[in-house]
Amino acid sequence: MRHFIEPNSFSLEEQLALLDLADRMEADPAPYAHLCDGRILATLFYEPSTRTRLSFESAMLRLGGKTLGFAGAQLSSASKGETVEDTARVVSNYADVIAMRHPKEGAPLRASLSARVPVINAGDGGHAHPSQTMIDLMTIRQRKGRLDHLTIGFCGDLKFGRTVHSLTAALSQFEGNRFVFISPEDLRLPQYVKNESLEPTHQIYKETADLEAELPHLDVLYMTRIQQERFFNEEEYLRLKGCYQLDEALLQKAPQDMPVLHPLPRIDEIKKDVDDDPRAAYFDQVHNGVYIRMAIILALLDIPDPVTGKKVLEA
Amino acid sequence: MRHFIEPNSFSLEEQLALLDLADRMEADPAPYAHLCDGRILATLFYEPSTRTRLSFESAMLRLGGKTLGFAGAQLSSASKGETVEDTARVVSNYADVIAMRHPKEGAPLRASLSARVPVINAGDGGHAHPSQTMIDLMTIRQRKGRLDHLTIGFCGDLKFGRTVHSLTAALSQFEGNRFVFISPEDLRLPQYVKNESLEPTHQIYKETADLEAELPHLDVLYMTRIQQERFFNEEEYLRLKGCYQLDEALLQKAPQDMPVLHPLPRIDEIKKDVDDDPRAAYFDQVHNGVYIRMAIILALLDIPDPVTGKKVLEA
Amino acid sequence: MRHFIEPNSFSLEEQLALLDLADRMEADPAPYAHLCDGRILATLFYEPSTRTRLSFESAMLRLGGKTLGFAGAQLSSASKGETVEDTARVVSNYADVIAMRHPKEGAPLRASLSARVPVINAGDGGHAHPSQTMIDLMTIRQRKGRLDHLTIGFCGDLKFGRTVHSLTAALSQFEGNRFVFISPEDLRLPQYVKNESLEPTHQIYKETADLEAELPHLDVLYMTRIQQERFFNEEEYLRLKGCYQLDEALLQKAPQDMPVLHPLPRIDEIKKDVDDDPRAAYFDQVHNGVYIRMAIILALLDIPDPVTGKKVLEA
Numbered sequence: 003m004r005h006f007i008e009p010n011s012f013s014l015e016e017q018l019a020l021l022d023l024a025d026r027m028e029a030d031p032a033p034y035a036h037l038c039d040g041r042i043l044a045t046l047f048y049e050p051s052t053r054t055r056l057s058f059e060s061a062m063l064r065l066g067g068k069t070l071g072f073a074g075a076q077l078s079s080a081s082k083g084e085t086v087e088d089t090a091r092v093v094s095n096y097a098d099v100i101a102m103r104h105p106k107e108g109a110p111l112r113a114s115l116s117a118r119v120p121v122i123n124a125g126d127g128g129h130a131h132p133s134q135t136m137i138d139l140m141t142i143r144q145r146k147g148r149l150d151h152l153t154i155g156f157c158g159d160l161k162f163g164r165t166v167h168s169l170t171a172a173l174s175q176f177e178g179n180r181f182v183f184i185s186p187e188d189l190r191l192p193q194y195v196k197n198e199s200l201e202p203t204h205q206i207y208k209e210t211a212d213l214e215a216e217l218p219h220l221d222v223l224y225m226t227r228i229q230q231e232r233f234f235n236e237e238e239y240l241r242l243k244g245c246y247q248l249d250e251a252l253l254q255k256a257p258q259d260m261p262v263l264h265p266l267p268r269i270d271e272i273k274k275d276v277d278d279d280p281r282a283a284y285f286d287q288v289h290n291g292v293y294i295r296m297a298i299i300l301a302l303l304d305i306p307d308p309v310t311g312k313k314v315l316e317a
Numbered sequence: 003m004r005h006f007i008e009p010n011s012f013s014l015e016e017q018l019a020l021l022d023l024a025d026r027m028e029a030d031p032a033p034y035a036h037l038c039d040g041r042i043l044a045t046l047f048y049e050p051s052t053r054t055r056l057s058f059e060s061a062m063l064r065l066g067g068k069t070l071g072f073a074g075a076q077l078s079s080a081s082k083g084e085t086v087e088d089t090a091r092v093v094s095n096y097a098d099v100i101a102m103r104h105p106k107e108g109a110p111l112r113a114s115l116s117a118r119v120p121v122i123n124a125g126d127g128g129h130a131h132p133s134q135t136m137i138d139l140m141t142i143r144q145r146k147g148r149l150d151h152l153t154i155g156f157c158g159d160l161k162f163g164r165t166v167h168s169l170t171a172a173l174s175q176f177e178g179n180r181f182v183f184i185s186p187e188d189l190r191l192p193q194y195v196k197n198e199s200l201e202p203t204h205q206i207y208k209e210t211a212d213l214e215a216e217l218p219h220l221d222v223l224y225m226t227r228i229q230q231e232r233f234f235n236e237e238e239y240l241r242l243k244g245c246y247q248l249d250e251a252l253l254q255k256a257p258q259d260m261p262v263l264h265p266l267p268r269i270d271e272i273k274k275d276v277d278d279d280p281r282a283a284y285f286d287q288v289h290n291g292v293y294i295r296m297a298i299i300l301a302l303l304d305i306p307d308p309v310t311g312k313k314v315l316e317a
Numbered sequence: 003m004r005h006f007i008e009p010n011s012f013s014l015e016e017q018l019a020l021l022d023l024a025d026r027m028e029a030d031p032a033p034y035a036h037l038c039d040g041r042i043l044a045t046l047f048y049e050p051s052t053r054t055r056l057s058f059e060s061a062m063l064r065l066g067g068k069t070l071g072f073a074g075a076q077l078s079s080a081s082k083g084e085t086v087e088d089t090a091r092v093v094s095n096y097a098d099v100i101a102m103r104h105p106k107e108g109a110p111l112r113a114s115l116s117a118r119v120p121v122i123n124a125g126d127g128g129h130a131h132p133s134q135t136m137i138d139l140m141t142i143r144q145r146k147g148r149l150d151h152l153t154i155g156f157c158g159d160l161k162f163g164r165t166v167h168s169l170t171a172a173l174s175q176f177e178g179n180r181f182v183f184i185s186p187e188d189l190r191l192p193q194y195v196k197n198e199s200l201e202p203t204h205q206i207y208k209e210t211a212d213l214e215a216e217l218p219h220l221d222v223l224y225m226t227r228i229q230q231e232r233f234f235n236e237e238e239y240l241r242l243k244g245c246y247q248l249d250e251a252l253l254q255k256a257p258q259d260m261p262v263l264h265p266l267p268r269i270d271e272i273k274k275d276v277d278d279d280p281r282a283a284y285f286d287q288v289h290n291g292v293y294i295r296m297a298i299i300l301a302l303l304d305i306p307d308p309v310t311g312k313k314v315l316e317a
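Residue numbers (our numbering), protein chains in the order written: chain A, 3 to 317; chain B, 3 to 317; chain C, 3 to 317.
Hints were generated in silico from the structure; no laboratory data involved. Some hints could be false.
Since copy identity is lost for identical chains, a pair holds within one copy or between any two.
With a Cα cut of at most 30 Å, we get these calculated DSS-like pairs of lysine-lysine [unchecked claim]:
no.	residue 1	residue 2
1	Lys82	Lys243
2	Lys82	Lys161
3	Lys312	Lys243
4	Lys273	Lys312
5	Lys273	Lys313
6	Lys106	Lys82
7	Lys161	Lys312
8	Lys82	Lys312
9	Lys106	Lys146
10	Lys106	Lys255
11	Lys313	Lys243
12	Lys274	Lys196
13	Lys313	Lys196
14	Lys82	Lys196
15	Lys196	Lys312
16	Lys313	Lys82
17	Lys243	Lys161
Owing to the predicted nature of the structure, the values given are computational and were not obtained by experimental measurement.
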């Protein structure tokens, strides 16, 4: 039995097979509509995350399956002091696969050790949110036709932005990519991400505070929200929150085929006038999210693609 | 693509077609049990309203569809500062139709402007709750056989009572109705409702505080709850909350065929001894609610009635 | 129409038929997978209880049915002052069967008086949690092959432990059982449980504080959690919470075929090293819980077992 706790829970080959399956389902979902008839997904969300929870639930429903779960720790048995391990083992009796969101890093991993069914990490604190990373890869590949030899700009909160860390690691698996990290001084990429993801494979990267100067040279721009909930200090948040604002005027400096990604929700770092620009790819990400999660569920339940006969995961 | 934001989002002809469809489904639900197989309803409730949410969910389930959503703002991404427009556009990827409840007037309308799927207003602050209005019309028509030439008494909180305002507007579309507004001085029908709904079509109406005197002359009585949550002042609420209490003794003054409606929940404005009186129609309203919501979903998804071949909405 | 408010809502014969049905479904669930197609279960949980709610929902989903409901009073209309009676009557229009959890004793009984569909008590304060009792019986019978002539040790919080009171009553229906109540002085079995369950049928029982001394003589051990939420006094809770801790070393004193039951969640009254001992039966209970709840739903909906043709409830 396999789990999906971080992107490299799957080999690179498996990750690409997952993207292929998601692409096929997006192109024609009909053959997949009943693959999970009679199966149940449990969404155990120890903190609210509407977007992610509903995306997983929609994925399971679109495969013919059903869902149950909870959407906040106050609704769970956590308040009675139960460990995540016990909860996972218990819920293994109620569902065929578990998607867990937890404010504490490592909780989904701990859950997977006692669960009797596959566990998907749907975000654990500052650690990982691997389905989001797969969505980002799928969207970049759709827009650029490849995942290598790209110059990718990451802009905004690179310190707390978990999706940035994971996507950096994921793109480091491919050849010839160049990373441009654009942030205020106080929100730069942490040293450990450089040590773990960039240095070992000698990635080419630069750090800067100037979005405008970099725009003309990017193949992909990945914007992020300054996340109020990560700041201890309100004043600090207020000082930094409006530091980058991409609007249609600024976007004129960028190449015509440079997609703009954002994991959403956004506040004001991307203005609404960008939404109608063909480069806006952040609603594509939401759309792709359902297919990625369908693919993850099929992979972990070891259900082959009825069209190709192939499974995502190797034996 | 059409939305259902207020009763006159649908033409009068469409409203009547909706009532007809609801009546047919109530009489024989079997032919409709699989019309929404594979479809998903999202219930986005930014404030709790169990009755309305469960009614919409039951409607979708009884059509063969599935549901997902949230039941309170603390469970949503609203806490991260996302706009209703972005949420609606995002959720359009997860569901085929959205029912939205929001404490702020106009939120469902704003959602409908960015949504890629139909949006149903499931109540927005003091503004509208159009499915409730359709339920009221369906129930009156079932009981009285018509929606015109009726004397309708509205009793209780006519100031904040959104359902009263909407039903007044809806009944003003029909000929020969007479409106009797029964309330304490402080909870009278707002001037703007008179200006918008009663004056333009020269409706006949009167205002009074005396329920008992009016009872013998009414064709329909619509009771409402004094809603604590609308008062800023606890003292004010306590003074007014018990101002009308309909019990079986008082009901003896009313005609034998005068249905008593109430949008529920009730506190003590209708005593339990009325429940067994054949004139009690408020549980009929709950029952009809599921069929009205089934009809709204079918209308917006543009699914024809398999029995008659007709669609509710004109092209 | 029947309800399941406490274990003896069903006759002893019916209880045994329920256990038989649950056993058959556990052995082979396939013939039961579509018995509730098109049916809806409402889970009305006025206090959170993830385990119980998800178990009921999983049961209904595994029968082919669907679910709706709420998972905490703050999400319900209770905050608008609606009575449980009105809510139950309203929800009867949305669902075919109701499972209700409520902090107040007697609430599910009151609900059943106005409901138009069967009501299952999913726990009401200190009163009853009858599906848990059925789970306990099923698990004991699976492990020991019988429900009579057993020496059962109950250990921990016997004062507030609702499951202990119910299981004591249930086992008193069978011949030749002996009860050993193991607790600190302050958490002894209440006198009313003795009066109601033990005295009328002259059951043999003893009370002690010494778990270790009793272990070698038990056929079954039922452990319970010291429930913080039942204490008014934090200090009192802290003094008592660690009073019994069963670990693998202590378990060596017990017979090799003495199952250890616990209604879960546990804190530290059973150590993790016991989990791998074949005597650990508490995860069996969770597993059995889904089948018991499937059986209760089928019983109340009066759906016969397609394999045997038998119904659980007598006409």
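Results of checking the hints against the structure:
| no. | hint | verdict |
| --- | --- | --- |
| 1 | Lys82 with Lys243 | between (37 Å within a copy, 13 Å between copies) |
| 2 | Lys82 with Lys161 | between (34 Å within a copy, 18 Å between copies) |
| 3 | Lys312 with Lys243 | neither (46 Å within a copy, 53 Å between copies) |
| 4 | Lys273 with Lys312 | neither (42 Å within a copy, 43 Å between copies) |
| 5 | Lys273 with Lys313 | neither (41 Å within a copy, 40 Å between copies) |
| 6 | Lys106 with Lys82 | both (17 Å within a copy, 19 Å between copies) |
| 7 | Lys161 with Lys312 | neither (39 Å within a copy, 58 Å between copies) |
| 8 | Lys82 with Lys312 | neither (44 Å within a copy, 40 Å between copies) |
| 9 | Lys106 with Lys146 | neither (35 Å within a copy, 41 Å between copies) |
| 10 | Lys106 with Lys255 | neither (40 Å within a copy, 39 Å between copies) |
| 11 | Lys313 with Lys243 | neither (44 Å within a copy, 49 Å between copies) |
| 12 | Lys274 with Lys196 | neither (33 Å within a copy, 38 Å between copies) |
| 13 | Lys313 with Lys196 | neither (34 Å within a copy, 60 Å between copies) |
| 14 | Lys82 with Lys196 | between (40 Å within a copy, 28 Å between copies) |
| 15 | Lys196 with Lys312 | neither (36 Å within a copy, 63 Å between copies) |
| 16 | Lys313 with Lys82 | neither (40 Å within a copy, 37 Å between copies) |
| 17 | Lys243 with Lys161 | within (13 Å within a copy, 42 Å between copies) |
Checked against the numbered hints above, the structure violates hints 3, 4, 5, 7, 8, 9, 10, 11, 12, 13, 15, 16; every other hint is satisfied.
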